[in-house]
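Asks: Put the two chains together into one complex; each comes in its own frame, and the hints tell you how they fit.
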Amino acid sequence: MKLNKKADIIGRKQVFYVVAIFVVIAAFFVVFSFISSDKSKISELPSGLENYLIVQRFLNSPICFALQDADTGRAIPSTIDIGKFNEASLNRCYNAQGTNVKAYRLTLSYDDKNIPIRTGNWEGFFTRAETRSVFVFDGAIKKAELLIETQNAK
Amino acid sequence: MKKRGDTTVLWFFIEVIAALLIGYTIVDASVSVSKGKIYEKLNIAKDIAMQINTLSGVSGNAYIVNKNLHGYSLRFSGNMVEVFESSLEQSKGVYYFVKIGDSKLDIVMSKPKQVVVAKINNEIIVSEDIPSQLK
Chain E
124 MKLNKKADII GRKQVFYVVA IFVVIAAFFV VFSFISSDKS KISELPSGLE
174 NYLIVQRFLN SPICFALQDA DTGRAIPSTI DIGKFNEASL NRCYNAQGTN
224 VKAYRLTLSY DDKNIPIRTG NWEGFFTRAE TRSVFVFDGA IKKAELLIET
274 QNAK
Chain G
12 MKKRGDTTVL WFFIEVIAAL LIGYTIVDAS VSVSKGKIYE KLNIAKDIAM
62 QINTLSGVSG NAYIVNKNLH GYSLRFSGNM VEVFESSLEQ SKGVYYFVKI
112 GDSKLDIVMS KPKQVVVAKI NNEIIVSEDI PSQLK
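Chains as they are written, first to last, in my numbering: chain E, 124 to 277; chain G, 12 to 146.
Excised from the complex, chain G in its bound form (with noise of 0.2 Å):
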């Protein structure tokens, strides 16, 4: 009888871990998929903040296009860019960079094809297609 109930007590704490390991494999995969999104907004975060510093640092006209926005939003703020797929949620990329001259980057840009970061006559400017200026 004794014995019996010892394996009753070790089966139950083995479904008890087996329990809990599935649980953490439920709750883990779910966290590596967001931080994988995570990850790739602030990819781009970081990519779009720094064309926006290296322009920044060419004497002349220039301009970079981004074309793998893999379908997120994007909003420019200060000296701020966040990337989103929805502008309520908590997990958005942002990275942070710093404006020359009178720059003002105050926009939202709702699931652009491309972006385009240009330099014209010292004014950094973000827009979905080439300006004009340096077509």
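Excised from the complex, chain E in its bound form (with noise of 0.2 Å):
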């Protein structure tokens, strides 16, 4: 009666030791998968962020392709200069150094032109595409599409 009361308490023992083992080792890993995931997101720039910033610089700088009004030097926005409409500009204002950064593929489309242009690291596929309404000075204003691809950096 005793051997048997003894074999019962360590049975119970064994199915309690599986049971702990199992459940402290699931909740080890629940709890630092929570902090790992937690601490990356902390420094996740939100989707999207980095192309806009950087499609802002082709748009308003004016060592990029925005109009600068010759008598005040004023850059105007959204209006592409179409005599810096080229890729010697593009690369002097996006001077992207190897597949680390983001690399662009413009085309300027209005009258019945279409002028496409390249940053010096496109590879020749894209992952991105928007259009953008801009205005192009060609003589006079004009309203034109900028279709802006992008590939990602590598």
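Mixed in with the good hints there might be a few duds.
Said to hold, decoys possible - Using 30 Å as the maximum straight-line C-alpha spacing, the simulated DSSO-like pairs for lysine-lysine come out as follows:
1) E:K207 with G:K115
2) G:K115 with E:K277
3) E:K236 with E:K207
4) E:K266 with E:K207
5) G:K103 with G:K78
6) G:K48 with G:K103
7) G:K122 with G:K48
8) G:K48 with G:K78
9) G:K115 with G:K146
10) G:K146 with G:K78
11) G:K103 with E:K277
12) G:K48 with E:K277
Simulated from the structure, these hints should not be mistaken for lab results.
Replies: Below is the structure:
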């Protein structure tokens, strides 16, 4: 009778330990995965933010394509000076070195013209595209569309 | 006798698993602390890179002052910003920006109190103090 009781206790302990080990292991993985994922989210950039900031550079900076008033020096946002819309200007305003930054291909369409230019790190395929309504200065200010194709950094 | 032997084997396994758990906890806790620092450094690197990209899109002159650097050092080289405690460490926070015009950023700042990212005349400038042209 005594032996049976001992065996019964040992049996219960075995079941307890087996269950406890699984629960403890599961708890460890859950807690640490929460800590890790929470911290990685802290340093995440909001989706599309980086692309938005760079596109603003193309449209607003006089060193890129923005039309600049010769008298006042004032840049006119979202108005492209056709004289600046070339790859030399693009690579000066977006001085990409290698493939660790986004690559861009811009296609300006107005009247019946399509003018494509691309950054030095463009490798021939795109991951994302958007169209912006802009103005172009080609002797006179005209409505135009700018297709912006983006490759992510590698 | 046989039952006592079974119990001994069971305890042996329990002890092995407990030891593994403790080992895992210690390693993982240290990795988490290390990761936390990496995220902090990466956060600063991304912030500064985004500021350079933002100022590059501004048509006039402007500057941004960064004060929350948590005692880290910074290095700007090429189109990259590195944030670190010691230049020899492996876990640096690194992020990339794209320069505008003729900006030549090649500067090391050892635990600066603040970092000023400025755009003056189509050039990005990084310094510890606000450039005199913008004061």
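Asks: Each of the hints needs a verdict: does it hold here or not?
Replies: Structure-based check of each hint:
1. E:K207 with G:K115: holds (22 Å)
2. G:K115 with E:K277: holds (23 Å)
3. E:K236 with E:K207: Status holds; Cα separation ~16 Å.
4. E:K266 with E:K207: holds (17 Å)
5. G:K103 with G:K78: holds (19 Å)
6. G:K48 with G:K103: Holds - the C-alpha atoms of G:K103 and G:K48 are around 9 Å apart, at most 30 Å.
7. G:K122 with G:K48: Holds. G:K122 to G:K48 sits at ~15 Å (cutoff 30 Å).
8. G:K48 with G:K78: With a Cα-Cα distance of about 17 Å, the restraint between G:K48 and G:K78 holds, given a limit of 30 Å.
9. G:K115 with G:K146: With Cα atoms ~22 Å apart, G:K115 and G:K146 stay inside 30 Å; holds.
10. G:K146 with G:K78: At roughly 17 Å apart (the allowed maximum being 30 Å), G:K78 and G:K146 satisfy the hint.
11. G:K103 with E:K277: holds (19 Å)
12. G:K48 with E:K277: holds (24 Å)
In summary, this structure violates none of the numbered hints.
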